[in-house]
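Colleague: Here's the letter readout for the chains.
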Amino acid sequence: MELQKFTYDNKLSKLFLYATVTWGAIGLLVGLTAAFELIFPSWNAGLPWLTFSRIRPLHTNAAIFAFVGNAIFLAVYYSTPRLLKTPMYSKLLGNIHFWGWQLIIVAAAITLPLGFTQSKEYAELEWPIDIAVALVWVVFGINLIGTLIKRRIKHIYVAIWFYIATWVTVAVLYITNNMALPVSAMKSYSVYAGVQDALVQWWYGHNAVAFFLTTPFLGLMYYFIPKASNRPVYSYKLSIIHFWALIFLYIWAGPHHLLYSALPDWAQALGVVFSIMLLAPSWGGMINGLLTLRGAWDKVREDPILKMFVVGVTAYGMSTFEGPMLSLKTVNALSHFTDWTIAHVHIGTLGWNGMLTFGMIYWLMPRLFNTKLYSVKMANIHFWLATTGMLFFSIPLYFAGFTQSLMWKEFTDAGALAYPNFLDTVTQILPMYAMRAFGGSLYYIGFILFIVNVWKTAAAGKFVRYEEDSAPSLEKAPSHGHENWHRRLEGMPVKFTVAALIVILIGGMVEIIPMILVKSNVPTISAVQPYTPLELEGRDIYVREGCYLCHSQQIRPFRSEVERYGEYSKAGESVYDHPFQFGSKRTGPDLAREGVKTLPNYKPNSWHYNHMLDPQSLNPESVMPPYPWIIHNDLDVSTLASKIKTMQTLGVPYPEGYADGQAMKDLEKQASEIAQNLKDAGIDVSSKKEIIALIAYMQRLGTDIYKDGNPEQYSSK
Amino acid sequence: MKIVMNTLSQINGVEIYPIISLIIFFIFFVVMAYFVFNLDKGYISDMKNMPLEEDENDSSVNDLENKF
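Residue numbers (our numbering), protein chains in the order written: chain U, 633 to 1349; chain F, 78 to 145.
Read the hints as simulated data drawn from the structure, not as lab findings.
Take the hints with a grain of salt, since some may be wrong.
Unchecked claim - What follows is a set of in silico ranges between Cβ atoms, one per label pair, in the way DEER data are often shown:
#	chain 1	residue 1	chain 2	residue 2	range
1	U	Leu911	F	Glu130	31 to 37 Å
2	U	Thr1230	F	Val107	53 to 59 Å
3	U	Ile774	F	Gly119	31 to 37 Å
Remember, predicted model here, so these are calculated numbers, not experimental data.
Where a beta carbon is used, it is the ideal one built from N, C-alpha and C, also for glycine.
Excised from the complex, chain F in its bound form (with noise of 0.2 Å):
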């Protein structure tokens, strides 16, 4: 391993990669999680019934009840 330690510290800087993606990751989620929390109960409301709408509407010649 050292073979390519040694190789990998004449690369200015490389012990940082590993840090810099950590903090990347750690503000990318802390901004996302703080809109995600502040997004408002309607819109949320209205997203997660999207997959079932389509069934109240639904105006295809076909019966979908009871199909199981």
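Chain U on its own, in the form it takes in the complex (with noise of 0.2 Å):
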């Protein structure tokens, strides 16, 4: 058979390792900076881009985009073309790949911090820096799937179906989660609202753990736990199994993140159902990659590579166990809100994508670099350090999460609230936030020592650019006689990518549709109207702060919240709320309610005042950092008039023509009482500051429905 000869070129590979890297050490870093932050409140300086709310989303952004991202594209550079047998489709391509994706990582490291947000969790990148993520990604599709048309191999290995799905999913749901209408260069507001933006966002950030951290992941792992073992993998058959009933099962599965919220109880219900099933195809891909090890763990007992994919597989098969036992509604009732999903996800991202990831490059840097690795016992090293810094990070987070959930729940023999002020409940976990600070820190010296290997290495070696293949072409491959569908859907990568892209809208549309009739057909509550524009820039500044990332919004319909927060939230209350601003994470009170007076949290302008410029002054244990920036900035109402006529465009009813000067007399009216009212209390401030605006809004969260002293009348609709 006659044999073509081609080139494999490790340039892009060396340099998504080196990307890899780098990220890893600044996400992990900022990370770090934030654990502690919620140990010493004051460590922010009082510098906003120093702030635990800001730098909470760069930390997330840039361990899941930036260093898993990186990783995810160092295994599809290396992995691919060895699979298929040619060269990458497009060096120029995959150059405006490498580069488009570090300068978008640029721009999240430097808008974030500056707040410039869109307050969905994992989607917070303004609208100019999306546009760039879609189109970096659509080059990143046409390269991936012009290698798979010009590959030499007919049948694609089920990696490289891994990828695919990522691929076409990861387009599906960023682009229908950053749905958005800009107001200005850097600001814009969600198309949708309330309870549908809510339902989009988890549909997204639930799939983007699935398709972003967990489909690649798995490639990766079919690709190079083979290779590294030097065993073929343990089960074909349920690999192409576990494979579709991954991707078919894991996009239902959203809605779990809003259980006992104002999502409908079918909805609930579906993403409960989905989450439970999502067991079998998760652990089938756990089994098959740790069975592939078998009759080889006398090797995994000294290789530092094959002990790193061991346990990253095993916290795959931890978390994904977890995963679906936290979205049963008894469990969620307990475990939402709570730290218990901060060390749910840790375990997955430091175990399953950092494993994956440190085993992955120790095995790939003597073969870049054609040496051997600078130090084994500084991998094993490594290997410990990670392992014990990801336990010493999640057990006390679990144990925090438990308690604080516990005291929130827990009622005196008199029938009240056993621990009324938050505080405490907080105070009560610090000695935990500490251990996982230590954690953290135990995991970055590992790091460090990772970043020494891989300098030292590349150092003592030389980069092999090129290396040689042969095979036969595609016309010529082997074939196997008759072929059954699988068989010939996998020889043709177009089909299979659109297979694959029906079986996930399949999901994606039966979720998404009825929230859409659901929008049209909600009895608007009267008593709700849109924001004053006062209200509206507070609000803005609500979000650019990032308080969601501490505070709900969302009042679940348990005694235990409604004695301490007040009426449950309905879906009606939030219907102006471009983006939604339910939150997932109590590192503080709920806000839903905070403007309502009769409510034994309400506080006055004054309180809120003092509490955004010093919040330990009213609460020496308080673990909020301070805000005086706020206080200080003078109101940018420059965009108003735009923001207004956005809002109308989204439906909002503001009157027409509102935007056009009234609107702008209703703010200064509005702030002017609102000063007037801080220098009654002995407070002299200006009318134009940011925090007139901001107090606006928190005065104004959750009253609508009790403005005729009875709330529970729309509980019966």
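Build the complex from these two chains, which are given one at a time in their own frames, with help from the hints.
Modeller: Structure follows, in structure tokens:
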């Protein structure tokens, strides 16, 4: 058989490898800083861009899209050509992909700490960067599918199916969730509102975990574990079944992030059922990964790469067992809004994504640089630091989540809340926050060893830019006679991609379409009115500062929550919330009814003023960072008219022509009233400051259905 | 919750959504499993060994053995 010769170019693999290591170091350091800020809230030194709520999105985005993202591209650019016996389709597209992605990360690293955010978790980037992400993603897709088309192998190995599913699904998810109308160059409003926005966001959020943190890493696992152990995958049939089952089921599971929220019950039930079923294909993948190492356990004892793979795949098994459990309504009632979720996701990222990435890079370095790894011993120490770091990180947070949730729910014999002061439940878990920061530090020390090892290995060797290989052309590739549908499908990459797309769209549409119908059918609560111009500006400050990262605005229908926060949240209350601000974590108390004067949590304007300036002066044990700049900054009202008009386009019923003139008059009037109220309380502040708008927004929260003093009437409708 | 449930009940047959989705998945899964278990062994063996094959025919100028 005539063999064709061709060359693999390792340049992009090397670049993605370096990017993975660099952004990993930065993303983890930002996370560690955030962990310490939760123990020492004054660490932000009064600087906006160093404050927890501004750097937390930077940490999550850097960890997911920069560290894990570059690791995915490294795996794809290294393994795809070798599995398909052809170089990547286009070097130019590869370079655009690499540099475009790094520019996006730099843009994120600058804009997120500056407060440019859409306030949707893991989708915080503002619209111009979103467009760049979509374009670079398309470039990546063309390069991937182009490579598939010019391959020399008839059938496509399972790792590449996972890459294809990743590409096609992330494209659908990212575009759908980021639909927004621009207000200005760096500000936009989500086209969805309230419950609908929440459902789209968590459909995206959950599937970002599925198709960015899971499927590409399963592809990575199916390539690098066989390579590192020199053994074929345990069961190829299992890999086919678990691939299709996984991508089919994952897409439905998003609503489990919104249990007991104002989301319709049927959607919640759908999310739970599919989350439980998801356990099977997830564990199918884990079993397949671990059993690939059968007969090689003697190697696992000595080889740090295999050790990392084993712990990584085991962490995948743990978090995919925990995920379905957390989606059970009874467990979720306890775990949601607590640190339990943080522990859960870090088993996934530190264990599954981190360990697989480290293992892959330790395996690649000697091969890319034609030398031995600088220090196997150092890699072993890294393994132990990473493993113990991950456990020290997560186990205290499980306790923290459990403890705090039980304290929230505890009643005295007399029927009152046992811990009516939210802060008591925070101080109780601070030691666990300290242990988490310790665990994170261990993990980071391990990462420093990893950097040294990579650096020294690269310095000791010589980069192997080109590797030659040969294979028969595709027309002459061996075949196996009669082919069934799946084998034929694998032979047709574009059709395979379309099949994967259809599979994920079925779940997406069944979830999303009824929600669009719901929106047009939600009986508007007549008492719920659009925000005033000043409140709208205040809301944008709330979004800019990332308040939603520590404060939810979603009271669940539990006695303990209604007692603490007031009447539970209704779907009709958030119809003008573009974007929604339900939040997913309560490091501080829920704020859904912060403005209701008759509730126990109500605080006067002066309290909010002093609290933003210096939270510890009011609550010495508070972990809230100070926000002094909100006190000092003048409110920028230059885009007010544009904001009102954009909201009108999105269906918010401001009167015709309101944006031109009247809106500003109303804003000034409300601002002077609040400034006067503060003055009466002994605080002399200009009505043009940001704090005035923020107070206006806070005092509006949850008040609409309390206007006539009978909020329960809306429960029966 | 009732506020939304009552609304949703106005959408014709909304309660069928979860059931339809389960049925779609079940049929999909059974058909797929049937075909997968009927795949021929030679093909499975070839596919399994695909990542390992490249080492055997590796014509790279570099020795990939004992790199660790």
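Colleague: Hints first: check each against the structure and report whether it holds.
Modeller: Structure-based check of all given hints:
Between Leu911(U) and Glu130(F), the C-beta spacing of about 33 Å keeps the proposed range 31 to 37 Å intact. Take Thr1230(U) and Val107(F): their Cβ atoms lie about 57 Å apart, and the range 53 to 59 Å holds. In this structure the supplied range 31 to 37 Å holds for Ile774(U) paired with Gly119(F), their Cβ-Cβ distance being about 34 Å.
Checked against the numbered hints given earlier, this structure breaks none of them.
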